[in-house]
Every structure is written in C-alpha cells, then in structure tokens.
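Colleague: As you go down the protein sequences, you meet chains A and B in turn.
Heads up: take any position in the first sequence, counting from 1, add 30, and you land on the working numbering.
Heads up: take any position in the second sequence, counting from 1, add 30, and you land on the working numbering.
It is possible that some hints are incorrect.
Same chains, same names: a pair is fine if it fits in one copy or spans any two.
[Unchecked claim] Derived pair list, reagent style DMTMM-like, types lysine to aspartate or glutamate, alpha-carbon separation capped at 25 Å: (1) K366 - D490; (2) K367 - D489; (3) K367 - D490; (4) K367 - E508; (5) K549 - E308; (6) K366 - E508; (7) K134 - D632; (8) K727 - E145; (9) K134 - E332; (10) K134 - E624; (11) K134 - E329; (12) K366 - D489; (13) K181 - D391; (14) K192 - D161; (15) K146 - D517; (16) K522 - E447; (17) K219 - E447; (18) K219 - E457; (19) K192 - E260.
Don't read these hints as lab results, they were simulated from the structure.
Protein chains: 2
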Amino acid sequence: MSRLRASVSLIRAVVACVVVLAVVPLAADEGMWLFNAPPVRTLQERYGFTAKPQWLAHLQKSAIRMNVGGSASFVSADGLLLTNHHVGLDCIEKFSTAEHDYAKAGYLARTRAEEKKCADLEMNVLMSIEDVTPRVAGAVTPSMSAADADKARRAAMNTIEKESFDKTGLRSDVVTLFQGAEYQLYRYKKYTDVRLVFAPEASISFFGGDPDNFEYPRYDLDICFFRAYENDKPARVDHFLWMDPAGVKDGDLILIAGHPGGTDRMNSIADVRFLGDELFPFFLDFARRREVLLRAFSERNEENARRAHDELFFSENSRKAWIGYIDAAQDPAVMKKKAESEAALRRKVESDPELKQKYGDAWQTIERADAVFRSIFRQHALLESGVAFDRVLFRKARTLVRLAEENSKSNSERLREYRDSNRESVEQQLYSEAPVYDDLQTVELASGLSHLVEVLGLDDPLVLQVLAGRSPSARAYELVHGTNLKDVAFRKQLAAGGKAAIETSDDPMIRLARIVDPKSRELRTAYEQRVEEPLRQAYAKIARASFATSTGETYPDATFTLRLGFGTVKGFEEAGRSLPWRTTIGGAFTHAAEHSNQPPFDLPRSWLDAKPRLNLDTPMNFLSTVDTIGGNSGSPIVSRQGDFVGIFFDTNLEALGWDFVYDDRQGRAIAVDVRAILEALQQIYKADNILSELKQK
Amino acid sequence: MSRLRASVSLIRAVVACVVVLAVVPLAADEGMWLFNAPPVRTLQERYGFTAKPQWLAHLQKSAIRMNVGGSASFVSADGLLLTNHHVGLDCIEKFSTAEHDYAKAGYLARTRAEEKKCADLEMNVLMSIEDVTPRVAGAVTPSMSAADADKARRAAMNTIEKESFDKTGLRSDVVTLFQGAEYQLYRYKKYTDVRLVFAPEASISFFGGDPDNFEYPRYDLDICFFRAYENDKPARVDHFLWMDPAGVKDGDLILIAGHPGGTDRMNSIADVRFLGDELFPFFLDFARRREVLLRAFSERNEENARRAHDELFFSENSRKAWIGYIDAAQDPAVMKKKAESEAALRRKVESDPELKQKYGDAWQTIERADAVFRSIFRQHALLESGVAFDRVLFRKARTLVRLAEENSKSNSERLREYRDSNRESVEQQLYSEAPVYDDLQTVELASGLSHLVEVLGLDDPLVLQVLAGRSPSARAYELVHGTNLKDVAFRKQLAAGGKAAIETSDDPMIRLARIVDPKSRELRTAYEQRVEEPLRQAYAKIARASFATSTGETYPDATFTLRLGFGTVKGFEEAGRSLPWRTTIGGAFTHAAEHSNQPPFDLPRSWLDAKPRLNLDTPMNFLSTVDTIGGNSGSPIVSRQGDFVGIFFDTNLEALGWDFVYDDRQGRAIAVDVRAILEALQQIYKADNILSELKQK
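Here chain A stands alone, though its shape is the one from the complex (with noise of 0.2 Å):
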C-alpha cells in the first residue's frame, strides 16, 4: 500500500531535498510530471500519443488530492469519487464504533441519506497553477544571511497566498518546485463535507494484509466510494472520469494523475548517505515501535483491535516501505549508479568558469546544512515533527498554545501553518468530533515519553519537566486522563480566550505542550535557517545547473503535488518465474484456499456466497510501469481516451527503490481493474445506484 499519511508528509517536509539532474538521460517511462509542464515531446515520441491541453485539463480536474495523505477521482456529475480503501480508513474508522465496525464489515449507503460523514476530512481539486518564481525568489537577495533569507521567503509567500485567497476564495498554496528553483501558486477547490456512499470489508480491501503489501501476485479491492458535499447537497462537478467497461489489455498505455507524496530522486550523494544511514533508519525504528505497541495493544481484545486498526496498518505499511527505501539505500550497485551521475554533472560544473562561479559551492553548502542536521534531527523528529508527542490529545494541545501565540503576528511572520489562507484548515482537525480513545493514546504517549529519554537523557532540563519526577508509563497515564482536551466545547473555548486563556491554563496537555514549545520552536528554527534554506539555495543552483547542461523535458522530484505519469501494462520476470500482467476474481478464490481461508488470506463471506454468480476471469489487479510512489495511492489509471481503466493502490517492493532511482526491470505499480470494480458492485454487492450513476458520461 502506498498512501502517504500526515506524518510522513512531515517525514518528507523534513527530507524534502529535492531537484532532477537532467544530465542522466531519464528512464523508458520515468516520471511525476507538472501538469504545466507535461512531457509532450516523450509520449508523442515514445507512443504517439498528444496530449491535448483540454484532455490534460479535464484529467487535473478530476483528480483530487485527499489531505488525510492520498489521491482520488471524480467519477460522477454528482460529486461521487472514488479512492482506495486504505485511504478512506481514517475517514471509516471515526464513525464507526464498537457495535458498528464498517471498517471490518463494509457499507452501501442505498440513498443519498446513508451517506455517512466524515469528521474532519478535506479534500482538494487543482484549479490553477500560477508561476510566483519572481517574486518568492526576488524576496531574497544574495547578500542576506540564511536566517533573513528564510523570513523574507515565508513571508514572501504567506503574502501571496493571503492575497489569493482573498480574492478567489480558493485553497492557495506557494509550491516549492525542483527544491527552490521554481515556486508555483496552486489554487484548490476545497470539500470539508464529504460522505462515505461505499466501502467493501476490511478483509478483500486489504486481502493477503502485511504479508501480501508491496507483493505480487495480489487480488486486492483497493477501493472506496464517497461523495463530495457543497452546503449539504451533492457537489455538481464538471469533470469527472468515465469508467469504461472495457479496461486494459497487455500492452497499452496508460496514464496516471495523482499526488506522489515525496521522492529523493536527485538528492546529492552525502545527502542520500545521510538519508539511507542515519535519517530513515530512525523513522524505521520508529515505525517498529509503534507496529510493536499497536499490535500488543490490539490482541488484548476485539475492540482494542478496531480502536488501532488504522494505525496499525500505516505502521506495517510504513515499516515495509522503509526497508525498501533503506535496502535500496544500502545497495552498492544503486549508490554507484548515483555516484556517477553526480560525478558528470560536477565535472560539466568545474569545467566552465562561470557555472562553476555561479553554482560550483552546492554540494559544499549541502554537506555542511546536513552537518547541521544530522546533529538536530532526533530531536527535531521527537520534539516538533511528533514522534515523542504526536498524538492527538498533544497535538491539539499543541495547535491551541500556537494558534494563541501566532495569531499575535502579522499574517507574513507566522508559522507556514498558520498563515491566514490554512486558518480553516487547521479549523477544521482541530475542532473534529472524531474519537479520542484514552487507552489508546496513554500506551501511545509512553511509549513516545520512553523514546524521548533514550534520546535526549534522564538529566535533560526539558525531559525533568516533562516527566515530572513520573516515569514515562505513569505521566502519560497522568496527561491523558488529567486533560479536557477531549471535550471540542472546551478547545473552543480555549480558543476563544486567546493567548490570556492559554498562558493561565492548568489543563496538563495545554501545560505539556507549554513547557515543550520553547525547545521545539528553537529546533525547528534551526532546521528551517540551518538546513533547509541552504539546503534550498544549494539545490536551486543544482538544478540550474542541470537545466544549463541538458536539453529534454523534465520533471521535478515529488510534493504531494499533483502529477501525471504514463507507462505500459506489463507483467515481470522474478527469480526465473514470470508474472504476468494481471490477476482474475478466481485467483482470489485460489488463493483464499491455499491458505484455508485463514486472516489475513480470508475472502469476505458475500464473495464466498457470490461465487457462482461471478465470472471467475474478469482481471482483478493489473501492473503497469506508471512511475509512482506513496501518496498516489487512490491515483485514477486513465486510457488514451482519458476514461477510466483502474485505480493505483500498490507498488511491488522492487519498486519501492524507486525512491531513489526510477527501474522498471522488474519495478511495476499494481492497481485495481476497472472490471473488477463494476463485476463486485454488480454480483457481490449488488450496488445498483451506484452502477447506475457511473454509467452516465
């Protein structure tokens, strides 16, 4: 499963080092394009296919970017989307409870009053990109040091995107392309309102679970349907995507149009090493602890296990994703591939007088900002990106005491998140109804207290603060019972009384966060000036270079932004056995049995009970060599007709080196068939109002 989640978007706001070297001719069907600058040449080129400016604008604007960290499509006039499973789990698992699992046991709403909503889920759809490259750039001025050069760009940007939205309206965010090299202004349609209309059992959503992820063969039903709302009725949208019945074959071209969380493609060598040495293994660990924690606290009982059934996935995901990473990180062959790419660029640099005036200090710059880092980042990670705290009583303590401090300045000085244009935002998870389990979060937060004294020290000031003379296990017991947090009238309320309101509360999460903030600003400034302004000053001069030295159509490495990518439908070669290019609804039943139907290889009762009524051939999931990676997840696979042919869900693990180095030897994306879709909706699920509204173009 590839979704990109909240905190691994942090992850990669952290990691976020960024930029294509051009110099390397790019590979067969390499890359996560700009929709404002598509590869029209390559797929003319390489399949004879032109990509109409109205084709690509009907395909951006059916594609829509979930902020819970996944990708989907409109699919329907009447604002019916579809996304995977896996994506809409955060949104399924806050209405459901003990008595109502619909995580485990699915749901069709069968009218438009079923429709059943999610607490805090948003979700955007790319109406404009606008180039602002003058202006954030023109902010800053060689002369400035790191720090001045940091403020005058935030503040650049915090402008733009207030005088956007102010007047559009529109969701307006300041995009930072090939890492400080370009800054584009994307402006979103926004959905807060929107309502589950369907989702298969956890059991086929997810069939083969942890074992299967990043495998193939798969026979998953990656899939959930939801609908968009504008004042309490169906969104009317003008572009959606057709699903044609008649799919894919071996063979064809496809495209892809998602949001693709975060690569590291083009990251220098040191930087790479950091990454693959030090930066990932911490966030590997970090995902162990809590797959461990989650997965202890799941087995003690049913409810238990429901409470933790998101997390735990992401954890699992996480954990396997990362040891892909780190194995392709740690791949001799891959390193030296790297290696000499940077090593042709470096010698183009040296070789001419002026590049080498104008950009031959990058690589210095970046190995002295990742001195810099690899001396904070545990503590940055702990402190202010949330691996200590990062649960949701904390965080929204957290986002109490800054909103009260930020609101204190001018809309340019603020912290990025608290610009004026993110207010409802932020508005909107800080006041969601969705549950807050006190079991759930004090293991959680011990286990986050214990993490921070390894790391920081039983004598640290800050940890003696923290702990309170506890240990980890009792404190968090302390917080997270002590605290009123779970009550949304008393966050209001809190909110409301402003910065006098917070400084004076005795609410122990609000005096946590408190205590914490100081520590975790002072890291977080560092990181900002120290790393990631050089970092981004450095990497613009890479890419410049590139640019300078290579001709050819580029792209740059992942933002969560939306991207097309295009490939063929293929299977692969793996220890001698070759896997062909899709799997049937009748693997899953030879698949199910081969392990007795047994968790996690169990097929849902209502596909046992719909066997005889299905056709066993239909293609069930399908691979391809689209270029991917997490946060694409739920990504709508599109024919050269711009219909809909299936839906991106997986990567096999081969893939997951793709993080680094686009291969498509034996790397393939896998993704729902549209067949399969229509066949369970029709036999299984008999979802006749849904089937009919896909039907109409």
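Place chain B on chain A using the hints.
Modeller: Relative to the frame of chain A, chain B by itself:
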C-alpha cells in the same frame, strides 16, 4: 515469561557489572542467595525456619540448569524432570515438522520408548562448590596492566577448570561472583541425552499469549516433563522433589531454587544510566526488529509460523522485559533511591582514610570503562555478540573458524568458551542435527546485515567486504543458499581438516566468518581488556568496601548459577483493585469465554472436552514475593518440608524493575500450582504413567 536465553546470556555477559551494596538494608524477601552462603539467619528470624545443610543439599541436587536458558527440577528417581513449556520449546520445535507440530498439539509418551530425544539440549546439576578466590585473584598483581591482568586471570580460570575436569570428569566452571570479589569453582553433573515425556498444547501453556505475558491474573499450564538419560537408559538420581498435592495457601513461606540469569541491582549510578539510556534501548530495538521480522514471516502461512514460533515468542518476551527494565531506569524515583544508596557508601569510604586509599577510585574507574564501552558496544554487539549474524549458519561457521584457530593455542591462552573443559558443550551445539530453514535464515540474515550497514555505514571497509557489492537482502540470499554448512557431515569434515581446511574453504559462510573474525576479535579484546577487566577490579573494590562497612547476610547479583530465594504466598493491590493470591482452573474457562475463545485466549479442545470432569476450584497459578528474574523460569517452588508445590514461570510487569531494585509492594512472581498440574495430568491428559511415577516418594 522469564526465560533467559542464549542471546540474553550474551547480553548479560556484556553487561556484567554486578555487586551488592549491602549498606542499604535488604528488603523483606529480597535475595538470590548462594547455596554455600544461604540466608540462614534471615530465614530463622523472619520465618522461624531452619535451613539445615541436608535440606539445602537435597534441594541443590534436585535443581537443574537448562542450558538453553532456564531451570528445572527432578521429580522422580528415574530422572523425570519438570520445567516450563517455554523452556522446553526450543527442544520440542527441533523435532517437530510441518506434519507433526508437537509444540502446538502437545505430546504424551505413554511408554519410555515413545520419549522423544532433544537434538542438542544440555542440562547441568550442581554437585559441589569450591572457593578459588585466592588462586584466581592471586594470578593478578596490582602492577599489571589491565590487558595482562585479563590474560593472567583467564589463564588461571582455564587451568583450574581443566584440572578439575581431568580429575572429576565433571563440567567445571569458575564463576565470578561479586564481579571479581569472589571466584568459585562450580562442578556440574552434565546430561546431554534428554527426552520429552509430556508437553501440553501451546495454547494452554501460553494461554493469553503476549497480551497476558508479564500480567496477572494468569491461567497458564506452562509445564513440560522431560527425562534425563545416561547410556541410553533413564538416569537414576538420588535427589528429586516429591510433588505435594496439598500445595500452598495464602501467607505460606515458600522457597525457590533456580538459575536467575542476570541482574543489575548494584551497578553504580553512572553505569545504570548507561544501561538505561543506551545499552538496553539498543537491545530493545533489536528485539523489536526481530519481532516485526518474524511476525511478518509467520503471517505468510502456517508452516512459516511453526518455523519461527519459538524465536518469535522469545522476541516478544524480550521486548516486554526490556520495556519493563527501561521504564524502571527511566523512573526518576527509582534512580533517586539508587543514587542515595550509592552516596551513602561513598560517604563512608571518603570518611575513612584507609577505605578511601584502597577503594576510593572505584567509581571513576567505572566511568572511564563505561566511556570506552559506550564507544564500542554497538559494534561489539553486532559483530561479537551476534546481533548482525546471530543466525544458526553463521554461528556454526564462526565456531569452525575459531575452533581451528584456538586449537593451535595452549588451553590457558584460549578464548574462554574454547577451553578444554568446555569442548564437549561446544561440539554438541556444532554438530546438532536440529533443522535449518533456508527461508527463515535468509530473512534474518538480511535484517542483520542491514543493521550492520546502519551502524557502520556503507563505506566501512568491513561492510564493503561483507556485502561484496550486493544489497543486504541479495547478499543474505546468496550466503544462505550457497553454504554447505547445513550438512552435519560437512561441518565435521571441515573441523577435522583443521586450520588448513578452514583457510582454503570457499564455502561462502566460512569465508564470511573469516572476513568478520579479525575485527570481531579486536572488539572482544577491547571489551575484555578495557571494559570488563577495569570494571571487575572496580566493582571488586566497591564490594569489599561494602563488606567492610556493613554487617548482615548478603548475596551477589544473578549470574545464571544456582540460587536460593524465599518469600510469601501473597496477592497485591493495583489501581484500587485487589488481586488475590491465586487463580483457578474455572477462571481459565471464564477468561477464554470473555474473549470468545479466540487466539491467544483459546483453550485447547482437550480442556473444553474435559470441563465436566474438572474441579474448577483447583488453584491454577499463584503469586508470591520470591525474588527472581529471567533464567529462573522452570525453577521448583518448595514448601518448608522441601516438597514441590509449584513451578515458577513468570512475574508481573511491576517485578521487571527488580533488575535494578527489589520491591515487593506490587512486584510478584507467578507460579503454576502443583494442584493444577496433577488435576490436568489426571483429568485432561490421562497421563497415568506420569502420575504413578510422581507418587513415589
């Protein structure tokens, strides 16, 4: 579960910084007492119990050390013995197959012919103790460098053991007590032909699984019976314990004889902080890695789960134990208590010129040694203690490589484990016929290699040699599938060929062991000479200072040698809840029903069927205050009369802090009640053959 296992043993060897500061009065039932220095006065004063020499000798010679990492006791004159199921598991799994999973299904030999032989289990019974302090301590003079002292001491120990072995034919180990203040020669009768007589099903032995592990209430029948054989006949033993069907009652004095693996009670504060902040978290991380890896491997199918069962249990068990130890080390209150007791002793030493001159520098020496250890422990753990390579095949390769090298030295100069007196034990492991699973070995080795790269970095010369241009996963596959070491005959042939055969072997695993050995030995030498020896000398000083400033009976920290403990049958209070001293067989049925009899809360068919016949009021597990730690698993608990009344198998979470400080407010040991054993054998398993043997006094 509190089993000590080989790798924990290694860890403990690394941590061995062990001494009693008897300046603080011992807590009520504290102590893991030496059989040649039993707490005679304390038992008399506190319980009016006279521990007579023959009473002690009988218990000593009935007690067994299971070298896989646990304890046991003889229960019949024909060598029948009882231990925990989780201690016997290693043996049971080695003769299980995909078709016959005796660990899961249980086993009962109805005749002696049906008793199933363990592949490589060694058991020891302590026959005598001789003080050799003058000879070992005398080998070292104050003017010697630490390196010379280490060598001289090792030579003395190896020589004493060889002399004793040659003279008596008994396994002879010089045991370091009070971390070097005392040395004693322990002579053991050794059994290497051990056969399984009875094991219940896995689900009742470990009823409640990981969620209930280290928790209470409990309902586990964590037992199995083996029989010792000599010359292919049941061993006749003079000392065994009679199972008293009357059992215990609330408030009774009970005693325990077993082999606690290691404690860190009396380490200096600086040392404890190093353990809690760095060393324990490293091993907790390792336990989590293995747990996640083995769990993912196990979920693929039932046969994988069977293959990884014992290791997965052990990883989960370690993880819970390390978390408990670390929570204690991170508890400011616990650390304050320890700091105060250290300060009290240091004040006494400082205020007495003679003590100050003799012992005053000990604490600084410890800090210096720890500084060295801090800088090498990760590498040492990975390369020498087996964290990166702790796989069956690599271990065999290393043993072969080292055997060839060490054989060329005189006995007194060899690495400790290759001394003549230990040769049989080494060969039993090396030539074990236990099965080796390529798939499991590969994923484990891949994970270990990746861990190595993480710690040493991809540019490290040793890493470059170890990976040989492959990624960790590809290299692991190549090594495991390329080696012939799975074949016992090949191992014997290589060993017979001596150094020449090893040096010219092109077996990839042998070559790997050769590549790793120089660095690994270098780290071992650094550890022994720059960490272990200075710590030994410093702790010996602290122990002597402590002896000099206090009166009263005392005991050394645990060392996986035979100890006597005592305590009271007693419940405890937790979060306002009163937990009674025992559970019942009926409670097991209730506990299962509350969890819909779903794993790991599922009772086996045999129990469900037998329910109508069972006395549901029979005590199942009981609590006591006896002082214990991992390694004591399987230890007999006896009454004043010296009769068997239960078998220790676990503690609650609160007792994990006993690694550092004994505290009987909430900490409790948990035992299987003798009455549950007899009731189950009779009513459920119809094991009349065992029951009639147990009746003979």
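Colleague: Each of the hints needs a verdict: does it hold here or not?
Modeller: Hints versus structure:
no.	hint	result
1	K366 - D490	between (41 Å within a copy, 15 Å between copies)
2	K367 - D489	between (45 Å within a copy, 15 Å between copies)
3	K367 - D490	between (43 Å within a copy, 19 Å between copies)
4	K367 - E508	between (52 Å within a copy, 22 Å between copies)
5	K549 - E308	both (22 Å within a copy, 23 Å between copies)
6	K366 - E508	between (52 Å within a copy, 21 Å between copies)
7	K134 - D632	both (12 Å within a copy, 22 Å between copies)
8	K727 - E145	within (23 Å within a copy, 74 Å between copies)
9	K134 - E332	both (11 Å within a copy, 23 Å between copies)
10	K134 - E624	both (22 Å within a copy, 21 Å between copies)
11	K134 - E329	both (16 Å within a copy, 19 Å between copies)
12	K366 - D489	between (43 Å within a copy, 12 Å between copies)
13	K181 - D391	within (23 Å within a copy, 54 Å between copies)
14	K192 - D161	within (16 Å within a copy, 83 Å between copies)
15	K146 - D517	within (22 Å within a copy, 62 Å between copies)
16	K522 - E447	within (19 Å within a copy, 67 Å between copies)
17	K219 - E447	within (18 Å within a copy, 71 Å between copies)
18	K219 - E457	within (17 Å within a copy, 73 Å between copies)
19	K192 - E260	within (23 Å within a copy, 87 Å between copies)
Figure legend: structure checked against the earlier numbered hints; every hint is met.
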